[in-house]
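**Q** Residues per chain are reported as follows:
2 protein chains.
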Amino acid sequence: MALIVQKFGGTSVADVEHIRAVAAHVKKEVDAGNQVAVVVSAMAGVTNQLVDYVDQTGKLYDAREYDVVVSSGEQITSGLLALVLQDMGVSARSWLGWQFPIETNSAHGKARIEGIETDAVLKSINGGEVAVVPGFQGVGSDGRITTLGRGGSDTSAVALAAALGADRCDIYTDVDGVYTTDPRIVAKARKLDKITYEEMLEMASVGAKVLQTRSVEIAMKHGVRLQVRSSFSGETGTLVVDEDEIVEHELISGIAYSRDEAKITLVAVPDKPGIAASIFGPLADANINVDMIVQNVSADPEHKATDLTFTVTEADLERAVAVVKSHEKDLGYKDLQSDGDVVKISVIGVGMRSHAGIAQRMFQSLAEKGINIQVISTSEIKVSVLIGEEYAELALRALHTTYGLDGE
Amino acid sequence: MALIVQKFGGTSVADVEHIRAVAAHVKKEVDAGNQVAVVVSAMAGVTNQLVDYVDQTGKLYDAREYDVVVSSGEQITSGLLALVLQDMGVSARSWLGWQFPIETNSAHGKARIEGIETDAVLKSINGGEVAVVPGFQGVGSDGRITTLGRGGSDTSAVALAAALGADRCDIYTDVDGVYTTDPRIVAKARKLDKITYEEMLEMASVGAKVLQTRSVEIAMKHGVRLQVRSSFSGETGTLVVDEDEIVEHELISGIAYSRDEAKITLVAVPDKPGIAASIFGPLADANINVDMIVQNVSADPEHKATDLTFTVTEADLERAVAVVKSHEKDLGYKDLQSDGDVVKISVIGVGMRSHAGIAQRMFQSLAEKGINIQVISTSEIKVSVLIGEEYAELALRALHTTYGLDGE
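Residue numbers (the numbering used here), protein chains in the order written: chain A, 208 to 615; chain B, 208 to 615.
Here chain A stands alone, though its shape is the one from the complex:
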């Protein structure tokens, strides 16, 4: 007998008919002799409707009241799923965030889970009941409802799995697993059987939005075995696990891309100590997240000037340019160039730790296709390059073949 946490997103619980299909997934585990806790999102469209109501109340809203309004979406689904399970003969009850309690900090609208009191729920589960839990919510240290930010139901599920000491956390979604790359672009993309937490984190952080990043972090920290699988088929999905669980590592597990990138280049910045801090300090103050940073060696050592390129999200581009320009005098650069038509391509794999030449093969492959690399950044298990947006598909397909990832 295993204890399994299942999580279903908004499209999986869009109406009572869909909820019945979700209940069938739950019943299947119960019939197999397993104990189950289910985490559910709001019915598709409900959260948007509630957020829209809040938006109509005024521009500067109180996040505590936002949480009161928006958290009701998941509350509705959890009651309905408990009812449908009961109707199918499965003993079940709902547990709202304040009933555990699922304790969070008081950062309303984007709270972090700090602890989950599981005694009562475990007693109920051990008594043979399925626990149905609204995702995305908890109760703050102020005793008021908190929400975890959009997509927070993944985090709820993984945190619950960790607290319950669950054997597995199944994230049911509209894709049937994690792929070597986006199958909409690369027809030969393959579904992975297993992937490590680190790889999943890198995949998520560069745009493969199968799982919320924080949920993977929590899973890694607590060793929760995650499975990404489809709500619409009974098939096994992709297991996200510790590196030790994967015997045969592929060199490269996947290739991710992100179009939400923009590049800013400062030409001929004075090459003196502290100059980087005086550029990135103001950007940090403005809450602008800087991703890749490349500083070229001074082309002309006599003039002590250097070119500096960095990337931000496309949404932040305009603000970032404004922030830098407002410090133009202090910085003393000659020219500012910005470009939103770029894409970041990343090859990811824990195997590259023990293999040299991974980056080199990437550069070679892109060069052969005549693709110019604008910026490079590397981490222990990832190599990312920034290229012109129009080359995205070409680059993905070439690299997928280069690293031997193509399926049948």
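These are computed hints drawn from the structure, not numbers from a lab.
Here are some chain A residues the structure puts well away from chain B; computed CB gaps all over 12 Å: (1) Arg421; (2) Gln544; (3) Gly547.
The calculated lysine to any residue pairs, modelled on SDA-like cross-linking and capped at a C-alpha distance of 25 Å, are: (4) A:Lys266 to B:Gly335; (5) A:Lys266 to B:Glu224; (6) B:Lys266 to A:Asp238; (7) A:Lys330 to B:Asn312; (8) B:Lys266 to A:Gly335; (9) B:Lys266 to A:Ala228; (10) B:Lys330 to A:Gly350; (11) A:Lys330 to B:Arg271; (12) B:Lys266 to A:Val237; (13) B:Lys266 to A:Val223; (14) A:Lys266 to B:Ala228; (15) B:Lys266 to B:Leu524; (16) B:Lys266 to A:His232; (17) A:Lys266 to B:Asp294; (18) B:Lys235 to A:Gln263; (19) A:Lys266 to B:Ala221; (20) A:Lys266 to B:Ala231; (21) A:Lys266 to B:Lys235; (22) B:Lys317 to A:Gln293; (23) B:Lys266 to A:Ala231; (24) B:Lys330 to A:Ser313; (25) A:Lys234 to B:Arg271; (26) B:Lys266 to A:Gly296; (27) B:Lys266 to A:Glu224; (28) B:Lys317 to A:Gln306.
The beta carbon of each residue, even a glycine, is placed where N, CA and C say it ideally should be.
Could you slot chain B onto chain A? The hints should help.
**A** Then chain B, alone, in the frame of chain A:
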């Protein structure tokens, strides 16, 4: 400075624009220097939608989960009203049932309030905040959300007013007060300035559904001064108060009617001890509420038989007939006659305690119009008659004139 509880129903909070109008009513009291707690219903249509979802899950549903689903409607409204108030510069926060807590018994779906912990809320109100409270809900002794039954928000408001020791409880609704009779039928009906709790209870129990009966009972028990007033005008409504507060009593305060009546007559029932119990026992067991009962004196003392007539709601008529017929042998009546085309007309007024002849004037007035009285029942402050349904309007208008209630 007074402490006022205001209650707004579903049509008053139908969307954010309507909620803004509600907030203006709240702000008016705040600007006048008063402290305010507001009780809100779900946005019009939301509760029906949620109940419909629950109905789709199966026929025999768990009332505890029903409460989880359905209570979210009021939760949404309370968050939104707090936000709108803040946007209008009025300090406000929502208080959910479990946050007080508003303690109820565990009769889910139709729970009764047993106590309200007001310390935290009073502290907030004394600190200058408007308290926004979702009506219709509390938390049971099992620690789970309960609801009070449809229309329970009136009860929430009055119970809260009692617990807070409020100076007044204003029930905002789509009528501008309590009338001497239904103004849709009698054009000369007048709005009453004041009415006693007892009269309001009798009015409510015979069909004038302005206030939920239980809310009036609680108001009477705790001496809460109730005001029924319109959300769509700024005018004073009708005060429901203790008898002592009304100096000049009208003889009759109002005339109510109920079309939801049906009559059953058992002809020639043996006139022996215990016969009434053997008729009404089975009806009570079947949860059928019997209202008026009339037993005629035996017409023929030799045969020791009597005619017995009683009324039930129209909805219960078919079941009541079936229950009685299933005991036909034991009861030994000769014939059973039933009639759903009847209406109950009631004249109501605490003044009749000290005045004789009120009933006589009623019978006289109806006789003059050629209306046959089928059943009569009286209480201390009410005389009710059952007449043919087609005479309802005629009787109401005649009685309204007879008792001097006609306005300009």
